[in-house]
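> For the record, the sequence lines run as chains A and B.
Counting in this note's numbering, the first sequence runs from 1 upward without gaps.
Counting in this note's numbering, the second sequence runs from 1 upward without gaps.
Please keep in mind that the hints were generated in silico from the structure rather than gathered at the bench.
Being a predicted model, the structure only gives us computed values, none of them experimental.
A portion of the hints provided could be inaccurate.
Claimed, not checked - Only pairs whose alpha carbons sit at most 30 Å apart, straight line, appear in this in silico DSS-like list of lysine-lysine:
1) Lys-221(B) / Lys-261(A)
2) Lys-121(B) / Lys-57(A)
3) Lys-66(B) / Lys-266(A)
4) Lys-145(B) / Lys-4(B)
5) Lys-267(B) / Lys-261(A)
6) Lys-54(B) / Lys-261(A)
7) Lys-30(A) / Lys-50(B)
8) Lys-300(A) / Lys-324(A)
9) Lys-202(A) / Lys-62(B)
10) Lys-54(B) / Lys-30(A)
11) Lys-394(A) / Lys-347(A)
12) Lys-34(B) / Lys-394(A)
13) Lys-121(B) / Lys-393(A)
14) Lys-66(B) / Lys-50(B)
15) Lys-267(B) / Lys-389(A)
16) Lys-98(B) / Lys-222(A)
17) Lys-136(B) / Lys-151(B)
18) Lys-4(B) / Lys-66(B)
19) Lys-121(B) / Lys-261(A)
20) Lys-98(B) / Lys-145(B)
21) Lys-4(B) / Lys-34(B)
22) Lys-121(B) / Lys-389(A)
23) Lys-151(B) / Lys-389(A)
24) Lys-266(A) / Lys-234(A)
25) Lys-347(A) / Lys-393(A)
26) Lys-145(B) / Lys-188(B)
27) Lys-10(A) / Lys-57(A)
28) Lys-283(A) / Lys-269(A)
29) Lys-222(B) / Lys-34(B)
30) Lys-4(B) / Lys-30(A)
31) Lys-10(A) / Lys-136(B)
32) Lys-50(B) / Lys-98(B)
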Amino acid sequence: MFTPFFYILKSNGLDISTTEWLTLMDGLDKGLAHSNFTDFYYLCRTVLVKNEGDYDKLDAAFLEYFQNIKEEKINMDKIDQWLHKGAEPPKVTNPELYRDTRTKKEATEVHRMFRERLGEQHTEHNGGNYWIGTGGGSEFGKYGRVPGGIQLGDHSGMKTAFAVLGERQYQDFRRDKKLTMRQFQVAFRELRQYSRKLDLPKTELDIDGTVDSTCNQGGYLKLEFQQPRKNTVKLMLLFDSGGSMYPHMELCNELFQSVHKANHFKDVKTFYFHNCIYAKLYKTPECVSGEWIDTTYAFKNYDKDYKVIIIGDAGMAEEEYYDKNGNYSGPNDGLSGHEWLQLFKKKYPNTIWLNPRFHGDLTRMYWMESERAIKEIVDMYPLTVDGLKEGIKKLMSDKG
Amino acid sequence: MKAKFTGTDTYVAADDLMASVEVAMELEKPLLIKGEPGTGKTMLAEAVSKALGKDLLIWNIKSTTKAQDGLYIYDTIQRLYDSQFGVEGVDDIARYIKLGKLGEAFKREEQVVLLIDEIDKADLEFPNDLLWELDKMEFYINETKETVKAKVRPIVIITSNAEKELPDAFLRRCIFHYIQFPDRDLMKQIVDAHFENLEENLLEQAMETFYRIRSIRDLRKKPSTSEFIDWIRAMMIGGVDPDTIDVRLPYLGVLIKKDEDLEVVRKVAY
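Same shape as in the complex, but just chain A:
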């Protein structure tokens, strides 16, 4: 009788196998749901979901199936960006003073207006009385002061909003959220290729081999050696340190730190660039003239086995990206950023790009031309746990 529910779970992105589904049926047969909804929910969660990152998806599926409430498909990321910048909760000394005199609107009315506004709005608006944004007297947004409005995001500033949309308990565990250093480190552990390469000397005692040989000789000790088992991955990190990257400094720093703490790589090289790669790779984030190596030097001296991760927002004007004169801050040897990137990818087939301001679908965003053009050369992923993991999977699997 629950078969439609199964497909709703699937459509919410939960990967459930038939075995697990049958296990759930088995559990229901044994009366583990105790004919009550909470225990049924616990039973489903414990049997069907194998990662706390997916708890949120289950909750959404439950809402959809059992309350017949189709959750608003609202692009919270977009709204988050509008709400993100700057605003602090307003300091209120006398709440009465801020009490809005307008009459409180009916809930359905507010929801209708919200959907309408969401359709109209395309950019960030803070303050003011109409758009979705922080502060101000509009019904929608964060830290606002209108009674009966819709509160968006996590901070219930003045607590007048009757609905906090998008507040779900397990959202923190979602793997597509911006991440912490520990999560980065865990992700980097997957970047390894153990091998007992033949070109290393046999320096490690092979215990199993020794036992076998010794027993074969009737107990006379015969030592066997083997090559040590080592990670063979060499990594090159390239950070964009342009001005538009400034808001993402912290995230980049965490990525940098976690690579260096991981220290299981055979070799790590770190360089910096400005907006796009040109003739020089800088040794310091300040990108000072002279503190650099030639990009062609890297091509000659670092072999193609290096796995390359480029971190940047790919945010530059189209003209700059294709310009033969390159970027104002460094030499380009007569080639545009576009051409340099093509050379780079040709030399290092295992290259990915991590973008903290990743845009999924660019078909209608004509002003993001440079990001679209870069994606054609290098695989680009958002700078999140899932993005990094996906990228690493690509780095590990792709041979060219």
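Given chain A, put chain B in place with the hints provided.
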């Protein structure tokens, strides 16, 4: 009516955790537990064994542990050694087969609780190597041509710190539970289970400060339940005035273990 786990005097379990333990026992599947450090993953197995009056076997996993270690080890070296000195019974291989924790759990006459602790420390293949054994609750000893089969299926509890991803095939056979960090109500119950006649005011103030510290975003390692309990104990012994806790932050070192974090907390506090 089968025995049901409802926590113990000193282990307070949330409703959903109790439900998961029941489901795992009824469906006879391993229970995989994940959660922040210090939320009582390992203690759960102890509590279950105590509450149900069953023996507890612990198999601690290290990075070098192989699945075979849990089943049995054939001690060739001892046998060879014995043979050189003509010890009796060298021809009996069974004497040199030593059962691991899983094997031991299978051999027991009565049901036991088997804890496989920190399974993610081992190599990626490790959980998959145990699929058959955990499913069928049996394994075969090559050397003696003997099949070891569980007389009673043990209750298997597995903990993971999520350092490595576990293989899908393994996950599909497990009952999964993520221990959430306790909210204030549950935390109060947990603390009550650990202390008799704790001053109400002290607990109140300590909780307030504790959850405030946990909410600081830049913290590298958030203090856990076990650290909170140690902290309260320290303050009880030290005779701290409850009303000064939020300002003076006494014995902060019990809660916060990293130098950088100490600085962060102090900065926020003042």
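> Compare the structure with each hint and give your call.
Hint by hint, here is what the structure shows:
A hinted pair counts as satisfied when its Cα atoms are at most 30 Å apart, and Lys-221(B) with Lys-261(A) qualifies at roughly 16 Å. A distance of roughly 28 Å separates the Cα atoms of Lys-121(B) and Lys-57(A); the hinted pair therefore holds under the 30 Å criterion. Pair hint Lys-66(B) plus Lys-266(A) holds up; C-alpha atoms about 26 Å apart against a cutoff of 30 Å. Distance check on the hinted pair: Lys-145(B) and Lys-4(B) sit about 38 Å apart at the alpha-carbon level, beyond 30 Å; violated.
Distance restraint check for Lys-267(B) and Lys-261(A): the Cα-Cα separation of roughly 26 Å lies within the 30 Å cut-off, and the hinted pair is therefore satisfied. Between the alpha carbons of Lys-54(B) and Lys-261(A) the distance comes to roughly 43 Å, so the proposed pair goes past 30 Å and is violated. A distance of roughly 25 Å separates the Cα atoms of Lys-30(A) and Lys-50(B); the hinted pair therefore holds under the 30 Å criterion. Between the alpha carbons of Lys-300(A) and Lys-324(A) the distance comes to roughly 23 Å, so the proposed pair stays at or under 30 Å and holds.
Distance restraint check for Lys-202(A) and Lys-62(B): the Cα-Cα separation of roughly 25 Å lies within the 30 Å cut-off, and the hinted pair is therefore satisfied. Under the criterion of a C-alpha separation no larger than 30 Å, the hint pairing Lys-54(B) with Lys-30(A) is consistent with the structure, at around 23 Å. The hinted pair formed by Lys-394(A) and Lys-347(A) meets the criterion: a straight-line CA distance of about 17 Å does not exceed 30 Å. For the suggested pair Lys-34(B) and Lys-394(A), the alpha carbons sit about 28 Å apart, so the restraint of at most 30 Å is met.
Simply put, Lys-121(B) and Lys-393(A) have alpha-carbon atoms about 21 Å apart, close enough for the 30 Å limit, and the pair holds. A threshold of 30 Å between alpha carbons decides the hint, and for Lys-66(B) with Lys-50(B) the separation of about 29 Å falls inside it, so the pair holds. The suggested pairing of Lys-267(B) with Lys-389(A) is violated, with an alpha-carbon distance near 35 Å, which exceeds 30 Å. Only pairs whose Cα atoms come within 30 Å are accepted, and Lys-98(B) paired with Lys-222(A) is accepted, the gap being roughly 25 Å.
For the proposed pair Lys-136(B) and Lys-151(B), the alpha carbon gap of about 12 Å is at most 30 Å, so the pair holds. The suggested pairing of Lys-4(B) with Lys-66(B) is violated, with an alpha-carbon distance near 33 Å, which exceeds 30 Å. Restraint check: the Cα-Cα separation between Lys-121(B) and Lys-261(A) comes to about 18 Å, which is no more than 30 Å; the hinted pair holds. Distance hint between Lys-98(B) and Lys-145(B) is fulfilled; the C-alpha atoms sit about 14 Å from each other, no more than 30 Å.
Proximity of Lys-4(B) to Lys-34(B) is assessed by CA-CA distance (about 21 Å); at most 30 Å being required, the pair is judged to hold. Distance check on the hinted pair: Lys-121(B) and Lys-389(A) sit about 19 Å apart at the alpha-carbon level, within 30 Å; holds. Pair hint Lys-151(B) plus Lys-389(A) does not hold up; C-alpha atoms about 43 Å apart against a cutoff of 30 Å. A hinted pair counts as satisfied when its Cα atoms are at most 30 Å apart, and Lys-266(A) with Lys-234(A) qualifies at roughly 5 Å.
This hinted pair checks out: Lys-347(A) and Lys-393(A) have alpha carbons roughly 20 Å apart, not beyond 30 Å. For the suggested pair Lys-145(B) and Lys-188(B), the alpha carbons sit about 55 Å apart, so the restraint of at most 30 Å is broken. Our distance criterion of 30 Å between C-alpha atoms is met by Lys-10(A) and Lys-57(A), whose separation comes to about 10 Å. Between Lys-283(A) and Lys-269(A), the direct Cα distance comes to roughly 10 Å. Compliance with the 30 Å bound is thereby established for this hinted pair.
Distance restraint check for Lys-222(B) and Lys-34(B): the Cα-Cα separation of roughly 16 Å lies within the 30 Å cut-off, and the hinted pair is therefore satisfied. Annotation: proposed proximity of Lys-4(B) to Lys-30(A) holds, straight-line Cα distance about 14 Å (limit 30 Å). Of the pairs offered as hints, the one joining Lys-10(A) and Lys-136(B) holds, with about 29 Å between alpha carbons and a cut-off of 30 Å not exceeded. Of the supplied pair hints, the one linking Lys-50(B) and Lys-98(B) holds, its CA atoms being roughly 27 Å apart against a limit of 30 Å.
Hint compliance for this structure: hints 4, 6, 15, 18, 23 and 26 are broken, all remaining hints hold.
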